[in-house]
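Construct all of the structure, not just a fragment, from the sequences and the given hints.
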Amino acid sequence: MAELMAEGLPAKGTTRTVFDNAIPSFAVRISPEGLITFVMIYSSHGQTKRFSIGRYRTEEAAKKSTGRGLTAAEARRQALVLRARIESGEDIAAAKTATKEAAKAERERIREEAEAKRAQREANFGALMTAYVAHLQTLGKNSWREVENAVKKYIINDRKLSQTPAVEITVDTVMPVFHALSKAGKLRTAEKLRAYLRAAFNAARKARTDASMHAFTAFKLTSNPLEYFEISRPKEAVEKAIVAAKLRKRALSAEQLAAYWRRITAPGCRHGELMQLHLITGGQRVAQLARATTADLDPDFNSLMLLDTKGRRKAPTDHLIPLIDSALALISKMNTGAGPYLFTINGGASNASYSAFREAMSEVSSEMVEAGELDRPFTPGIIRKTVETRLQAAGISKEVRGHLLSHGRGGVQAVHYEAYDFFTEKKQALELIRKLCDGLPQDAINVVPIRREA
1 MAELMAEGLP AKGTTRTVFD NAIPSFAVRI SPEGLITFVM IYSSHGQTKR
51 FSIGRYRTEE AAKKSTGRGL TAAEARRQAL VLRARIESGE DIAAAKTATK
101 EAAKAERERI REEAEAKRAQ REANFGALMT AYVAHLQTLG KNSWREVENA
151 VKKYIINDRK LSQTPAVEIT VDTVMPVFHA LSKAGKLRTA EKLRAYLRAA
201 FNAARKARTD ASMHAFTAFK LTSNPLEYFE ISRPKEAVEK AIVAAKLRKR
251 ALSAEQLAAY WRRITAPGCR HGELMQLHLI TGGQRVAQLA RATTADLDPD
301 FNSLMLLDTK GRRKAPTDHL IPLIDSALAL ISKMNTGAGP YLFTINGGAS
351 NASYSAFREA MSEVSSEMVE AGELDRPFTP GIIRKTVETR LQAAGISKEV
401 RGHLLSHGRG GVQAVHYEAY DFFTEKKQAL ELIRKLCDGL PQDAINVVPI
451 RREA
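Under UniProt numbering, the residue at position 26 of the sequence shown is numbered 26, and the numbers go up by one with no gaps.
Hints were generated in silico from the structure; no laboratory data involved.
It cannot be assumed that every hint is accurate.
Taking lysine-lysine pairs in the PhoX-like style, the calculated list, with each CA pair at most 20 Å apart, reads [as the list claims (entries may be wrong)]:
(1) 49 / 100
(2) 206 / 152
(3) 220 / 206
(4) 427 / 398
(5) 152 / 117
(6) 141 / 186
(7) 186 / 117
(8) 141 / 152
(9) 435 / 385
(10) 183 / 153
(11) 206 / 141
(12) 220 / 117
(13) 385 / 333
(14) 117 / 153
(15) 49 / 96
(16) 398 / 385
(17) 153 / 186
Here is the structure:
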């Protein structure tokens with residue numbers, strides 16, 4: 001090999017490979033143009049592999065420059081290390097490729113992370129409110145100028161607040177602005193600003209499901225952090241408590257229940273199956289439905305066993321739910337075998353969260369308010385109260401309702417002496433609810449009490 005290290009080695013028109021006798025696998029390759037490269041040629045898993053060490057440069061060139069290339073001595077030192085790795089069983093060519101790919105992946109990760117941070121910085125609170133003003137303009141709303149002035153004064157002019165990523169905005173983030181307005185006695189201004197902020201977040205949230213809201217896509221919002229943000233006037237405190245008490249007793253009418261069913265069964269309703277199953281299983285607590293898996297399902301008996309952990313119970317109690325045909329069909333549709341969960345939006349791989357369910361129901365109830373079908377939105381708890389109210393109006397006994405909705409069952413009599421599960425009566429009650437969903441007048445539904453055997 002020493003002869004091949006001579007500078008100016010003439011090319012012979014073909015590629016030549018000459019091995020070094022002292023170091024196994026170490027060789028030089030001379031191209032037809034005379035370019036010399038140090039390589040390791042070895043066998044790994046029955047395949048011949050080639051590993052490039054580097055280009056050759058003379059000792060004289062090495063003394064004059066620190067540029068690329070290796071002298072013969074430098075190449076041999078590297079070859080000794082590489083040979084040791086080969087003898088240890090390592091595929092050095094594969095390792096080099098893996099290192100390059102890992103470095104490339106890391107560079108890509110850093111680039112994507114930087115891009116995500118940049119996008120998040122640009123999708124800030126100020127940009128969201130500016131986009132909302134533009135949205136009002138596009139819709140031809142006369143209020144856009146008033147909204148723009150308020151946004152500039154209270155949001156854009158607060159540099160720190162306006163540059164906060166929209167996805168990081170919380171009630172705590174905006175509260176200083178409203179505290180200042182409240183202290184200044186500008187409660188009406190605070191109420192208007194709250195309405196603007198809520199509306200902007202609602203518009204951005206709809207971008208996920210409404211193609212016409214594309215201007216808000218970059219904000220990637222899935223919920224409205226200011227949905228329950230309140231501004232109470234001191235003299236209204238007592239009145240609000242009275243209203244809240246009335247709301248706790250609220251239930252949908254039979255007509256409103258049928259309207260709700262029409263909306264959640266309409267094509268394109270987001271998470272409509274979740275809301276349908278929730279309703280026709282009796283408005284069960286969402287947390288209990290979310291825990292249900294295929295192991296809790298009895299297809300032979302057409303029933304679902306839930307675990308009721310509510311209250312002061314030391315251990316959860318079994319809560320058996322009859323499944324009418326509609327419920328069985330929904331479960332088959334929702335659980336496609338991706339996992340064990342029944343109350344799911346991804347085939348069963350995981351259970352649906354309460355927030356996802358609550359958000360979907362909020363969208364439907366808001367649409368009903370806009371359509372004049374309701375005077376105000378409702379919650380999952382209202383659906384639960386509606387089921388009991390409609391069953392009560394239909395003549396279903398308090399005892400059956402309690403067993404269906406799993407409440408009022410904690411007394412000594414119920415816990416220790418009553419073994420009857422009211423399965424047939426509960427199923428009849430659920431079938432009645434299903435008929436009401438189709439708009440059948442309640443007075444047209446005949447409820448025949450089922451006698452229990454002594």
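query: Within a Cα-Cα threshold of 20 Å, do residue 141 and residue 152 meet the stated pairing?
result: Holds, at about 18 Å.
field: Pairwise hint evaluation, residue 206 against residue 220, where the allowed Cα distance is 20 Å at most
entry: holds (10 Å)
Worksheet item: Is the hinted pair residue 117 and residue 153 satisfied, with a Cα-Cα distance of at most 20 Å?
Response: Violated. Residue 117 to residue 153 sits at ~27 Å, over the 20 Å cutoff.
Hinted pair residue 153 and residue 186, Cα distance within 20 Å: holds (14 Å)
Notebook entry, point to check: Keeping to a limit of 20 Å between CA atoms, is the pair of residue 49 and residue 96 held or broken?
Noted result: Holds, because 12 Å separates the two Cα atoms, which is no more than 20 Å.
Tell me if the straight-line CA distance from residue 183 to residue 153 falls inside 20 Å. At roughly 17 Å apart (the allowed maximum being 20 Å), residue 153 and residue 183 satisfy the hint.
| task | Sort out whether residue 186 lies within 20 Å of residue 141, counting only the CA atoms. | result | violated (24 Å)
Practice problem: Sort out whether residue 152 lies within 20 Å of residue 206, counting only the CA atoms. | Solution: Violated. Residue 206 to residue 152 sits at ~24 Å, over the 20 Å cutoff.
Between residue 186 and residue 117, is the straight-line Cα distance small enough, at 20 Å or below?
violated (36 Å)
- Verify the proposed pairing of residue 152 with residue 117, using a straight-line Cα cut of 20 Å. Given pair residue 152, residue 117 is violated - Cα atoms ~25 Å apart, limit 20 Å.
- Query: Between residue 398 and residue 385, does the CA-CA distance stay at or below 20 Å?
  - Reply: Holds, at about 13 Å.
_With the threshold set at 20 Å, check whether the alpha-carbon distance from residue 220 to residue 117 stays at or below it._
holds (13 Å)
Consistency note: the structure conflicts with the earlier hints numbered 2, 5, 6, 7, 13 and 14.
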